[in-house]
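**Q** If you want the building blocks of each chain, they are given just below.
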Amino acid sequence: MRTIGFLLQKEFRQILRNRTIRGMIFIMPIIQLIVIPMAADYEVKNINLAIVDHDHSPYTQKLILKIAASGYFKLNKYSSSFKEAFTQIETDKADLILEIPQGFEKNLIRENEQKLFIAINAINGVKASMGGAYIGNIIRSFNNEIRLEFIQPQKIAEVPAVEVVPSNWFNAEMNYHVFMVPGILAILVTMVGGFLSALNIVKEKEAGTIEQINVTPIRKHHFIIGKLIPFWVLGNIIFTIGLLIAWLIYGIVPQGNLAVLYTCTSVYLLAILGFGLLISTFCDTQQQAMLIMFFFMMIFILMGGLYTTIESMPNWAQTVARFNPASYLIEIVRMVILKGSGFKDVMPHIIKLSLFAIILNGWAIYNYKKTS
Amino acid sequence: MKQSSDSIFSSQFFSFVRKEFYHVMRDKKTLLILFGMPVMQILIFGFALTNEVKNSRIVVVDYARDLASQQITARIEASQYFDIEKTILDQKQIESAFKNGKIKLALIFPEKFNDELLHQNKAQIRVVADASDPNIANTLTNYVTLIVQDYQNELNKNISLPYRIDTEVRMLYNPQLKGAHSFVPGVMALVLMLVCVMMTAISIVREKETGTMEILLVSPFKPFLVILSKAVPYLILSLINVVSILLLSVFALDLPVNGSVLLLFAESTLFIITCLSLGIFISIKSATQQAAMTISLMGMMLPTIMFSGFMFPVENMPVPLQVISNIVPAKWFYIIAKSIMIKGLGITALWKETLILAGMTVFLLIISLKSFKIRLS
Chain X
1 MRTIGFLLQK
11 EFRQILRNRT
21 IRGMIFIMPI
31 IQLIVIPMAA
41 DYEVKNINLA
51 IVDHDHSPYT
61 QKLILKIAAS
71 GYFKLNKYSS
81 SFKEAFTQIE
91 TDKADLILEI
101 PQGFEKNLIR
111 ENEQKLFIAI
121 NAINGVKASM
131 GGAYIGNIIR
141 SFNNEIRLEF
151 IQPQKIAEVP
161 AVEVVPSNWF
171 NAEMNYHVFM
181 VPGILAILVT
191 MVGGFLSALN
201 IVKEKEAGTI
211 EQINVTPIRK
221 HHFIIGKLIP
231 FWVLGNIIFT
241 IGLLIAWLIY
251 GIVPQGNLAV
261 LYTCTSVYLL
271 AILGFGLLIS
281 TFCDTQQQAM
291 LIMFFFMMIF
301 ILMGGLYTTI
311 ESMPNWAQTV
321 ARFNPASYLI
331 EIVRMVILKG
341 SGFKDVMPHI
351 IKLSLFAIIL
361 NGWAIYNYKK
371 TS
Chain R
373 MKQSSDSIFS
383 SQFFSFVRKE
393 FYHVMRDKKT
403 LLILFGMPVM
413 QILIFGFALT
423 NEVKNSRIVV
433 VDYARDLASQ
443 QITARIEASQ
453 YFDIEKTILD
463 QKQIESAFKN
473 GKIKLALIFP
483 EKFNDELLHQ
493 NKAQIRVVAD
503 ASDPNIANTL
513 TNYVTLIVQD
523 YQNELNKNIS
533 LPYRIDTEVR
543 MLYNPQLKGA
553 HSFVPGVMAL
563 VLMLVCVMMT
573 AISIVREKET
583 GTMEILLVSP
593 FKPFLVILSK
603 AVPYLILSLI
613 NVVSILLLSV
623 FALDLPVNGS
633 VLLLFAESTL
643 FIITCLSLGI
653 FISIKSATQQ
663 AAMTISLMGM
673 MLPTIMFSGF
683 MFPVENMPVP
693 LQVISNIVPA
703 KWFYIIAKSI
713 MIKGLGITAL
723 WKETLILAGM
733 TVFLLIISLK
743 SFKIRLS
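So the sequence lines, in the order shown, correspond to chains X and R.
Heads up, the first sequence is in my numbering, so the first residue is 1 and it goes up one at a time.
Heads up, the second sequence is in my numbering, so the first residue is 373 and it goes up one at a time.
Be aware that one or more of the hints could be misleading.
Said to hold, decoys possible - The calculated lysine-lysine pairs, modelled on DSS-like cross-linking and capped at a C-alpha distance of 27 Å, are: (1) R:Lys401 x R:Lys580; (2) R:Lys657 x R:Lys391; (3) X:Lys93 x R:Lys724; (4) X:Lys352 x R:Lys391; (5) R:Lys657 x R:Lys742; (6) X:Lys62 x X:Lys74; (7) X:Lys83 x R:Lys715; (8) R:Lys715 x X:Lys203; (9) X:Lys203 x R:Lys401; (10) X:Lys45 x X:Lys10; (11) X:Lys83 x R:Lys391; (12) R:Lys529 x R:Lys400; (13) R:Lys464 x X:Lys203; (14) X:Lys115 x X:Lys45; (15) R:Lys494 x R:Lys464; (16) X:Lys344 x R:Lys742; (17) R:Lys401 x X:Lys220; (18) R:Lys401 x X:Lys369; (19) X:Lys93 x X:Lys115; (20) R:Lys426 x R:Lys400; (21) X:Lys93 x R:Lys742; (22) X:Lys205 x R:Lys400; (23) R:Lys458 x X:Lys344; (24) X:Lys62 x X:Lys10; (25) X:Lys203 x R:Lys580; (26) X:Lys369 x X:Lys344; (27) X:Lys205 x R:Lys474; (28) R:Lys391 x X:Lys203; (29) X:Lys344 x R:Lys474; (30) X:Lys77 x X:Lys115; (31) X:Lys93 x X:Lys66; (32) X:Lys74 x R:Lys742; (33) R:Lys426 x X:Lys45; (34) X:Lys45 x R:Lys715; (35) R:Lys742 x X:Lys205; (36) X:Lys352 x R:Lys426; (37) R:Lys657 x X:Lys205; (38) R:Lys715 x X:Lys77; (39) R:Lys474 x X:Lys74.
In case anyone wonders, no lab produced these hints; they're calculated from the structure.
Given only the sequences and the hints, what does the whole structure look like? Please build it.
**A** Right under this line is the structure:
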C-alpha cells in the first residue's frame with residue numbers, strides 16, 4: 001500500500017506540474033463543451049430553395065408564400081431557367097429547386113391535374129429526404145386549400161382519414177443541444193482518459209525513466225495502479241466539470257440519479273484507461289502511441305452512436321460497435337441524463353463495461369514487461 | 373558561381389530529405405499504421421456510417437385489434453425502417469421500455485379504431501416518440517405518417533380527388549441516398565489533415581526534445597530548410613494515401629470520381645501542403661511532443677469533425693461559429709473534394725476554395741519562418 005501511495009504522489013505531481021496537461025484537463029473540455037454543441041446542430045432547417053417560376057400566377061405566389069412561411073426553407077433566388085438554378089446547386093447556394101411549369105394555374109383548373117418538378121441535392125441523404133418530405137407536405141396542404149376553394153368542405157370529409165397524433169417524450173421542445181451535450185461529454189471523458197494514459201507510460205519509455213522504475217522492487221500491478229488512479233480521479237473531475245457546464249450553459253439537469261452516472265463513468269474510466277495503458281505497452285514512441293490512439297479514437301467517436309445511430313448500421317458494423325466501450329458510455333449518459341434511467345436500466349451496460357475494464361487492464365498488466 | 377551554389381543547396385536539401393525518409397521508413401510500426409489507418413477508416417466509415425434511419429425498434433400497442441389496425445401494423449412491419457418489439461403489450465410498459473433504451477417509438481391504436489374510421493370517417497393513432505434524439509423522433513414520426521397516408525390513399529383509391537397537384541422529385545448526384553457520398557470526402561479530409569499535421573509536428577518537436585535539433589541548427593544549412601525537409605517524406609506518404617483512398621472509394625464503395633482525377637490529385641496535394649505547414653507551425657510553437665500532440669489532436673480533431681461541414685451543416689451554426697469554420701482548412705478541402713468527386717466540377721468552379729487553401733499555406737509558412745527566426749536569436 002505504501003508503495004502505491006508514493007507512486008501516486010509522484011504521478012500526481014508529475015501530471016499537475018505539466019502545463020500542457022493542465023490545459024488539456026481543465027480548459028480544453030470546458031471550451032469544447034461550450035462551443036461544440038452549438039456547432040453540432042443537425043436539425044434540418046434553412047434549406048436553400050431556388051425557384052424557377054414559369055407561371056407567375058396568383059397560385060404560384062400563394063404556394064411560394066406558404067413555403068417561405070413554413071420556416072424550413074430560405075428562399076434563395078428566383079431563377080429564370082432550370083439551368084440557372086442548377087448552377088446554384090452546384091455552388092451550394094441552393095439545396096433544392098422547385099420548378100413551376102408554364103400555365104400551372106390555368107391547367108390545374110382546366111385539366112384537374114398538374115405536375116410540379118422538384119430537384120434536390122442529395123449528396124447529404126438526410127437533408128435531401130427530410131427536405132423532400134417537408135416540401136411534399138406543404139404542397140399537399142396547398143393542394144387541399146385549393147380544393148376547398150372549389151368543393152364544399154363536407155364533401156371532402158367523406159373520405160376516411162387517419163390522423164396521426166404525435167407526442168414527444170423526454171425532450172418535448174425537440175432541442176438538439178439536449179441530445180448532443182451528454183454525448184459530447186462522454187467523448188471528452190474518452191479522449192482525455194485515452195490519450196493521457198496512452199502517452200504516460202510511453203513517455204517514460206522514451207525518456208528512459210521507466211528503466212529506473214523497472215530496477216526497483218515495485219510490482220507490476222502496483223505500477224499500473226499507480227498510473228491508473230490519478231487519471232481516474234482526473235477523469236471524474238472532468239466529468240463533473242462537464243455536468244456543471246451542461247447545467248449552467250445549456251440548462252440540462254440530469255433526470256436520473258447522479259450515483260448511477262458516476263458509477264458508470266467510474267467503471268468506464270477504468271476500461272478506457274486500461275485501453276490507453278495497453279496501447280502504451282505496445283508502443284516505443286509517443287508518436288506511435290498517439291497515432292494508434294487516434295485511429296481508435298476516430299472509431300470510438302464515429303461508431304459510438306454520437307450522431308449516427310448504431311442500429312442503422314449494417315450488421316457487421318453493429319458488431320464492431322458492440323466492442324466499442326465509448327458507445328456504452330454515450331448511451332448511458334444520454335439515458336440517465338435525459339430519460340432518468342436507473343440502475344436497473346443500465347445494468348447490462350455496466351456489466352459489459354466491467355468486462356472491458358477487467359480484460360483491458362489484465363492484458364495491459366500481462367503485456368507490461370519489466371525487462372526490456 | 374550562382375549556379376554552383378544553387379546545386380550545392382539542392383543536393384544538400386535532397387540529402388536531408390533522404391535522411392528523413394530513412395528515418396520514417398525505419399519505424400515499421402508507424403508506417404503500418406500510417407498506411408493501414410486510412411484504408412481501414414475509409415472502409416469502415418464508408419460502409420458503416422449512414423445518416424439513414426432504419427431498423428428502429430418500436431412497439432405497437434393495439435387496443436383495437438381490428439382489420440384497419442392490423443393492416444397498418446403489417447405495413448409498418450414490412451417497411452425497412454421499423455422492427456416491431458413484440459414483448460410489450462400494455463401502454464404502461466412504454467415508459468420503462470424507453471428508459472432502458474429498448475424502443476424509440478410507440479404506436480397506440482385506440483379501441484374501435486376501424487369502427488371510427490368507417491363510421492365517422494376519422495380515426496386517430498397516437499405516436500409517442502423518444503425525443504431525446506429529436507432528429508430520429510422527427511424522422512420516425514414522418515415515416516409513420518407517410519405509411520398511414522399511403523394506407524389511407526389506398527382506402528380512397530376509388531374516390532379520385534379533383535384538382536390534383538403531383539410532384540416529380542429527382543434526387544441529384546446521389547439517387548440512392550447513400551451515406552458514403554458525404555462521408556468519404558469528409559473522412560479523406562479528416563485523415564489527411566490529422567496525419568499530416570500530427571506527424572510533422574511531432575517529428576520536429578522530437579528533435580527539439582532529444583536535443584538533436586541543436587546539432588542540425590549549427591550546421592551551415594539553412595535552418596528553415598532543415599524543418600522543411602522533415603515534411604517531405606510525409607508529403608509523399610500522404611500522396612500514396614490519397615491514391616489508396618481514391619482506389620478504395622471507386623472500387624470498393626462504388627463512389628466514382630466524376631470530375632478530373634488529375635485536378636483532385638492536385639488539390640489533394642495542395643491540401644496536404646497546407647496541413648504540413650500547419651504541422652510545421654505547431655512544432656515551432658511547442659516545446660514538447662506532448663504539447664504538440666495536444667494541440668494537433670485535442671485542439672483539432674473535434675473542431676475538424678465539427679466544422680468541416682461533413683457531419684453538421686455549417687449554415688445551421690451561429691454566425692460567429694460560421695466565421696470560425698472558415699479558418700478550418702478541412703472545410704475548404706471538403707468542399708473541393710465533394711465538388712470534384714461527386715458533382716464533377718472543374719477548377720473554374722473551385723478557384724476560390726483553391727486560393728483560400730493556397731493563401732493559408734503561404735500565411736502559415738511565413739509566420740512559421742518569422743517565429744522560427746525569433747527563436748534562433
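**Q** Would you mind marking each hint as holding or not holding in the structure?
**A** Hints, verified against the model:
| no. | hint | result |
| --- | --- | --- |
| 1 | R:Lys401 x R:Lys580 | holds (22 Å) |
| 2 | R:Lys657 x R:Lys391 | holds (24 Å) |
| 3 | X:Lys93 x R:Lys724 | holds (14 Å) |
| 4 | X:Lys352 x R:Lys391 | violated (48 Å) |
| 5 | R:Lys657 x R:Lys742 | holds (11 Å) |
| 6 | X:Lys62 x X:Lys74 | holds (16 Å) |
| 7 | X:Lys83 x R:Lys715 | holds (15 Å) |
| 8 | R:Lys715 x X:Lys203 | violated (46 Å) |
| 9 | X:Lys203 x R:Lys401 | holds (17 Å) |
| 10 | X:Lys45 x X:Lys10 | violated (53 Å) |
| 11 | X:Lys83 x R:Lys391 | violated (55 Å) |
| 12 | R:Lys529 x R:Lys400 | violated (68 Å) |
| 13 | R:Lys464 x X:Lys203 | violated (55 Å) |
| 14 | X:Lys115 x X:Lys45 | holds (25 Å) |
| 15 | R:Lys494 x R:Lys464 | holds (26 Å) |
| 16 | X:Lys344 x R:Lys742 | violated (60 Å) |
| 17 | R:Lys401 x X:Lys220 | holds (25 Å) |
| 18 | R:Lys401 x X:Lys369 | holds (19 Å) |
| 19 | X:Lys93 x X:Lys115 | holds (25 Å) |
| 20 | R:Lys426 x R:Lys400 | violated (42 Å) |
| 21 | X:Lys93 x R:Lys742 | violated (39 Å) |
| 22 | X:Lys205 x R:Lys400 | holds (18 Å) |
| 23 | R:Lys458 x X:Lys344 | holds (21 Å) |
| 24 | X:Lys62 x X:Lys10 | violated (74 Å) |
| 25 | X:Lys203 x R:Lys580 | holds (15 Å) |
| 26 | X:Lys369 x X:Lys344 | violated (40 Å) |
| 27 | X:Lys205 x R:Lys474 | violated (46 Å) |
| 28 | R:Lys391 x X:Lys203 | holds (25 Å) |
| 29 | X:Lys344 x R:Lys474 | holds (13 Å) |
| 30 | X:Lys77 x X:Lys115 | holds (21 Å) |
| 31 | X:Lys93 x X:Lys66 | holds (21 Å) |
| 32 | X:Lys74 x R:Lys742 | violated (45 Å) |
| 33 | R:Lys426 x X:Lys45 | holds (21 Å) |
| 34 | X:Lys45 x R:Lys715 | holds (23 Å) |
| 35 | R:Lys742 x X:Lys205 | violated (34 Å) |
| 36 | X:Lys352 x R:Lys426 | holds (25 Å) |
| 37 | R:Lys657 x X:Lys205 | holds (25 Å) |
| 38 | R:Lys715 x X:Lys77 | holds (21 Å) |
| 39 | R:Lys474 x X:Lys74 | violated (37 Å) |
Hint check: violations occur at hints 4, 8, 10, 11, 12, 13, 16, 20, 21, 24, 26, 27, 32, 35 and 39; the rest are consistent with the structure.
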